[in-house]
Structure formats: structure tokens, C-alpha cells
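**Student:** Taking the hints into account, I'd like the entire structure generated from these sequences.
Just so you know, the protein sequences line up as chains B and F, in that order. Quick note, the first sequence lines up with residues 1 to 310 if you use the numbering used here. Quick note, the second sequence lines up with residues 1 to 478 if you use the numbering used here.
Bear in mind the hints are in silico, worked out from the structure with no lab data behind them. Note that CB positions come from ideal geometry on N, CA and C, so glycine has one too.
Just the calculated beta-carbon pair ranges, DEER-fashion:
no.	chain 1	residue 1	chain 2	residue 2	range
1	F	Met179	B	Thr148	18 to 26 Å
2	F	Leu192	B	Asp152	33 to 41 Å
3	B	Ile213	F	Met179	48 to 56 Å
One-sided and incomplete, this derived list gives chain B residues near chain F with beta-carbon spacing under 7 Å:
no.	residue
4	Met1
5	Leu2
6	Ser4
7	Arg93
8	Arg96
9	Asn97
10	Glu105
11	Phe307
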Amino acid sequence: MLSSTAKNLYWMGRYLQRAKSTARLIEATQRMALQSRGEEAAGVAAIFGMEDEFRQSQAQGERLASLIDFLVIDENNPSSIVNSIAAARRNAREERNNITVDVWESLNALWLELSARLHGNRATLDRGALIESVKKQAVMIFGAAQVTLLRDEANNFLQLGAFLERADNTGRILDVKFHLLRPDGNPSAEGLDYFAWSELLACVGAVRTYRRIYRSALNPMKVAELMMLRRDVPRSVHHCLWMVDLNMRELADAYGTRGEADRLAGELHARLRYARIDKVFEIGLANFLGQLRGDIGTLSDEIGRQFLLD
Amino acid sequence: MAAKAFDEMNSGTDGSVRVPYRGVADWLARTSPERLEATRREVDLFYRRHGITFGAYGAAEGSETTIPFDIIPRVIAYDEWQFLHKGLSQRVRALNAFLTDAYGQREICRAGIIPEEQILMNGEFVAMAQGLQLPGGVHAHIAGIDLVRVGEKDFYVLEDNVRTPSGVSYVLENREVMMRLAPELFAAMSVLPVADYSEELLATLRSVSFSDGHEPNVVLLTPGHYNSAYFEHAFLADEMGIELVKGSDLFVDESRVYMRTPRGPQRVDVIYRRVDDAFLDPLAMRPDSFLGVAGLLGALRAGRVNIVNALGNGVADDKSTYTYVPEMVRFYLGEEPILQNVPTWRCDRADDYKYVLEHLSEIVVKEVHGSGGKGMLVGPTSSKAEIEEFTALLKARPDNYIAQPTLALSTCPTFVSQGVAPRHVDLRPFVLSGKKITIVPGGLTRVALKEGSLVVNSSQGGGTKDTWVLAPDQADDR
Numbered sequence: 001m002l003s004s005t006a007k008n009l010y011w012m013g014r015y016l017q018r019a020k021s022t023a024r025l026i027e028a029t030q031r032m033a034l035q036s037r038g039e040e041a042a043g044v045a046a047i048f049g050m051e052d053e054f055r056q057s058q059a060q061g062e063r064l065a066s067l068i069d070f071l072v073i074d075e076n077n078p079s080s081i082v083n084s085i086a087a088a089r090r091n092a093r094e095e096r097n098n099i100t101v102d103v104w105e106s107l108n109a110l111w112l113e114l115s116a117r118l119h120g121n122r123a124t125l126d127r128g129a130l131i132e133s134v135k136k137q138a139v140m141i142f143g144a145a146q147v148t149l150l151r152d153e154a155n156n157f158l159q160l161g162a163f164l165e166r167a168d169n170t171g172r173i174l175d176v177k178f179h180l181l182r183p184d185g186n187p188s189a190e191g192l193d194y195f196a197w198s199e200l201l202a203c204v205g206a207v208r209t210y211r212r213i214y215r216s217a218l219n220p221m222k223v224a225e226l227m228m229l230r231r232d233v234p235r236s237v238h239h240c241l242w243m244v245d246l247n248m249r250e251l252a253d254a255y256g257t258r259g260e261a262d263r264l265a266g267e268l269h270a271r272l273r274y275a276r277i278d279k280v281f282e283i284g285l286a287n288f289l290g291q292l293r294g295d296i297g298t299l300s301d302e303i304g305r306q307f308l309l310d
Numbered sequence: 001m002a003a004k005a006f007d008e009m010n011s012g013t014d015g016s017v018r019v020p021y022r023g024v025a026d027w028l029a030r031t032s033p034e035r036l037e038a039t040r041r042e043v044d045l046f047y048r049r050h051g052i053t054f055g056a057y058g059a060a061e062g063s064e065t066t067i068p069f070d071i072i073p074r075v076i077a078y079d080e081w082q083f084l085h086k087g088l089s090q091r092v093r094a095l096n097a098f099l100t101d102a103y104g105q106r107e108i109c110r111a112g113i114i115p116e117e118q119i120l121m122n123g124e125f126v127a128m129a130q131g132l133q134l135p136g137g138v139h140a141h142i143a144g145i146d147l148v149r150v151g152e153k154d155f156y157v158l159e160d161n162v163r164t165p166s167g168v169s170y171v172l173e174n175r176e177v178m179m180r181l182a183p184e185l186f187a188a189m190s191v192l193p194v195a196d197y198s199e200e201l202l203a204t205l206r207s208v209s210f211s212d213g214h215e216p217n218v219v220l221l222t223p224g225h226y227n228s229a230y231f232e233h234a235f236l237a238d239e240m241g242i243e244l245v246k247g248s249d250l251f252v253d254e255s256r257v258y259m260r261t262p263r264g265p266q267r268v269d270v271i272y273r274r275v276d277d278a279f280l281d282p283l284a285m286r287p288d289s290f291l292g293v294a295g296l297l298g299a300l301r302a303g304r305v306n307i308v309n310a311l312g313n314g315v316a317d318d319k320s321t322y323t324y325v326p327e328m329v330r331f332y333l334g335e336e337p338i339l340q341n342v343p344t345w346r347c348d349r350a351d352d353y354k355y356v357l358e359h360l361s362e363i364v365v366k367e368v369h370g371s372g373g374k375g376m377l378v379g380p381t382s383s384k385a386e387i388e389e390f391t392a393l394l395k396a397r398p399d400n401y402i403a404q405p406t407l408a409l410s411t412c413p414t415f416v417s418q419g420v421a422p423r424h425v426d427l428r429p430f431v432l433s434g435k436k437i438t439i440v441p442g443g444l445t446r447v448a449l450k451e452g453s454l455v456v457n458s459s460q461g462g463g464t465k466d467t468w469v470l471a472p473d474q475a476d477d478r
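**Tutor:** Okay, here's the thing in C-alpha cells:
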């Protein structure tokens, strides 16, 4: 397999996951905005590191709409859903000989659908339907990869991209939202705004999961534990870094070599595997997540250096 | 024009349906226009979903279009195919012998058959290929020979394509589509399969490696996904299970070619390139090329990598060399040509030039190096202004043009907006040459969808059809 193939598949995984995470985040935010008068949009803006631009715009309602457009269809935002899908499709098209027809066709179908939607009148564009499509189809595409792709290095790179992106997305959402809801970092359930905390879970699609696991009322410490440390929650940072480590090990076995990226992946996996949520809050969630997000970024760079010839 | 043309379905004795087309005629009679229309829409959707598209260079991503596919197959009887097969093999053997000679001793020039300047002054001549000893003496490993039919037994070669002929992916995909859409038709007629093309292509590529002793590593070199034929490049690489590489994936070290992989460099032995000569090696050819590999020609000359098709093949397939191909068959093979050329006037010859100028409104004039249906004049369907414009071009550079009589290309029933109607077709079979010659039955049938039009190129509104060569046990075309 070529290095350029590894690179395309890695980025296909990242972009597809990014579009999917963004779609879910917007949906949770919109639902929240319907039920409360809170500054929901500001929270989302903060997740994307653009709260300043956001505060400069006018009315709250308009702000939310323009933020959503920025995240969904803005051509100047390289991470907008539409741009992410186009980028994933570009990566896939260059590698269509290395992915299965099922994966290619499901991604191409999504891209064709988005193109058709964007081709029409922007004023009447149904953003909700578009977001719904992206969410559904992304699951189909990953599902097609799951059941049809040969379990070889190409698949490892696709998985690496998707899980690394997802680890980053979950870590970022938890970091920013937790800080907004509890600026002092206090994890106790006192004075808890039920809607705000369930929205945070909804961002990673884990409201029901929370109930299944804890069978108790919402509690910030448990929310953080679920999103970060639960290995059995497929969007938790731990689960994602476990998968990253697993794919790195498979590549190391196939290539017979190891490097800094392997060490760091193992270290990050171990850090989350053996972490305890009460200890995390002793050093401060913001500290822990800040360090973790920085290390995930470094891991991404090291993967690029080690395999993809950046 | 169209009235005189030989119709491959309906030009049987007394206007009856020709035998090879009986199955198709029955199917058409049974199938309602609504059903055909529904099928046609299904096909377009299928091609788009598969992303079987072509887009012109520089076009925005949204502008990918599909080549129209006509759902009525074009049928060739087994004995007709046997005749074509023999003729095609012979012609490609002669072209390969010529290319070896053109970059060797040029015996054919010494024998006074082809003037040496026809080769040496040709813009497509690649001096760096002079004297190269290629495995098996093969230069044109993949040849697309364009054929037209004008009568029951009259086939002509319209042009030879021995540089990087494309279109074979449509042969394979069209068949897939037809089997899905009209299984009942396949049940009624026994059609020779085409699906083994990729396997034959891979065997051909492997058989022309310089290296012996180790398994040759074969790759397909593409200009990238902006190329109009990118779909085909990816399709063939996938079918053959080989790497699809761009120039940036390869590098040359000590005259060996390697590809970059996460495991480290891996050797490459044969490059099936779909990049034009001029862009292959920025050190040897165009220095501004980003599509090639620096040092590639050095590796070729060192006998470390073979490039397929060979460099400089353009000297054998331009429209002025074309006129010599029957002579090549006689000279190199000592045989009489089985397939005929279309009579051709060469505008660099005074008598021919005079004739062409006087008959512009009746004939077809083509640029010597033109392709894709551009740079040509179809006299009978051109306006006075167009003819005048072309006359100026012709007078400025007579040696840049050849002319041929307007052939009444055969027609096939085709599903168009008015229903089923005859449209003109040609045929491009693909001839593989390695240790042996292989031709997958049939080839790409291109059809001019506009009524009366003789231009079948996809860039000029042409479409394609599935081409069926019937198995020998079927009723003969008599």
C-alpha cells in the first residue's frame, strides 16, 4: 500500500467523523435552544473556538442561525459539514480502488445528495433534513466499512483517522461545555440544570446510555466519567484511544517497526484506562483534558511523521 | 447520408432483420417504450451512483458527467468477429514491428517504403527511445483500433491508437449494467464474456517485465483524479489488484524505481502509465511536469523498469503514418492486410491537396495529430462559413491535414428521445500484446446520438453501447 493511500484513508476517516460529530452537536444544540433561553449557541461557538466572532453578531436567534450555517454549509469554513463530506469524498475518490464499492457508493450517494440540496434555493434549504441525512449516512458509510473492508493496513488507517478525530471531538465538547456549566470545576450535583447536562450527553448520543449505566439522576462527575473514561461507551475518549492503540499495534505487527506514535498511543490509552474520575477532579478536569487534548494533537502529528510522509 | 447507411439490424436481404440481431429485435418488439425509458433512467442513476463519470480538466467537482449509455446492444456474429480478430492481430503485430524498427535500424526507410523524415521529423518521435531493447519487442502493449463498418462484409480501420487508448472500462461496466437490466436478453442469446480483460491485461503487463527471477511489481500511473479518464484508471487498478500511483508516489534511486509506502520503499518493475510521454519525466521531457517521476527514463534505459505503452508510440498512430500501415503489414509480415484502410488523401502531397481543396464539401478532413473529434471538418454536414474557415487553416499548413471520403458508417437501433431509431456507430476493440496477443471479444461501441451525426466521440455528444459477440453455436449470419 502507498503512503498516499494511507494518508487519504486516514483523512477520509477524520473528515467523515468530523462531519458526523458536528451534525450531532448542532442537533443537540438546536433542541436545547428550543427548550431554554440559555446561551446555547455561544457554547457551541466556544467548542469551535469562535466565541468572539459569535458575540459580535446581533440577535440571539439570528446568531444561532448564522452559526449553524457556518458549521453546515459555509464554503469558507474548511470544517463545515459540507466541506468535510466533500473532502472525505475526494479522499475516497482517489482511493476508490482501495475501498469497497459499498463504502464508495454510500459516501458518493451522500455527497450527491448534499450537492443536490445545495444546488437549490439557499433560503428554503432544509438544514435539519441535511443534518439528519449526514448523521444517518455517516453511520451507513462506517457500517459499510465495518462489514466489507478487508482487515488490512488500509482499514487500520481509516479507523485511526476516525477514532482519533472522535477522541478529539468528545474531549473538546466535554472540556468546553463543562467549563461553561461549571466554571469553578465543581462536580457536585447541586443546583444542576437538567436540560443543559442532558444536552451535553446528547452531543455524544449518550442520554439513554447514561441511564442504562448509572440508573440514577444526572451528576456532572458521572457525565464526565461516561464521556471520558468508560471503555464500553463507543464515543468515550477512552474507547476511541483504545481503538487507536489497537490499530497502531496491528500496523506495528504488520510492519515490524515501532516509533514515537506507537509509544504515545499506548501511553494515552493506558492513561485513560487506569484513570479514576475522583482523582481527575482532584487535579482538575480542565487540567486533565487540556493535557489530554494537547497529547492527542501530538499523536496526530507523530502518525503523520511515522507513516504518511507529511 | 443516413438513408444509404448499412443498418446492422435491418439491412438483411429484402430489409429483413439480420440473423445476429433476431434476439434483439424480438426483445425490442416485446418491450414497451415506457419500459425502455424507465430502464434508461435506471442506467443513468446507476452510473452516477457508481461515480462512473468523466470530467474535463479544470472543471469543478460538481461538473462530473456520465457518458450516455444506450441500452440496445450492438451485436457481432461469431464469424464476423473471427475475421476482425485475425485482422486486428495482424495489424498490431505489424505496428509493433514498425515501432521496433522505427527506434532501431529503420529498415523500412532503407527499403524505400517510408521516408525517414516521416519518423524522425514527427513531433511524436522520442529521441531518448532510440535503440531501446524492450522485452518481447513490444511497444504497443495495449492498442485500441477504431473500426467502422459500411456494409455486410466491409470493415475499415479508421485509426490506430497505440499511445494510451482509453475506454475499456466502459466495455466492462456496460456489460455489468446490461446483465443487470436485461437478463432475459442474455438468456435468449449466448454472448461471449468480456470480464477476463483485467486478468489478461495483468498477465500482459507482467509478461513484459525486464526482471526475471522475481515476481514483477506492476503499478498503474495516473495523472490524478482531475484527469477525465481517472475513473478508468482507478477501475483497472482495482480490477487488477495493483497500486494506482501518481508521480509523487514514485521516486528513482540508482536507476531503480520505488514507490513510497508506510513500510518504506518498494521496487516497481512495470509501469502501466496513463500519462502522456511529455509529462513522464521532468528531467528528460517537459521540466514543468508535476505528473511524472524524475529519472524515470534513466531507469528505463538502464533496463530496470518497463513503461507500458512504450515511449514515442505516436510515430505509429498519427493520421499521416496511418496511410503506410498496409505497407508495414506486407514489409514486416510478408502478408496481405486483412483489414483495409479508409482511402486517405495526404494534404502534403500536391495532387491530393488539390483534390481535397476542390472537394471539401464532400469529404472529412482531419488534423494529423488531432484526437477526440476536434480539429476536424465533416464536409457534408458543415456550413459554408465553417468550410471557409477550415480552408484557411488547411492552406496555412497542408502537411498538418489528411482527408478521407465521408463513409456511411453503419447504424444500429438506438433508444433516443423519439423512440428507437438508427444511429451511426464505430467500434474500438482493445488488443493486448505481451508474450502473446489477446483480444477480448467485442470492444467499445461508440454511437453518435444526434440524428445523422457521424461524430461518435464522447466529448462531442457521443454515447456507448454494450458490444455483443455471439458464441459460435448460434445461427450463422447468412
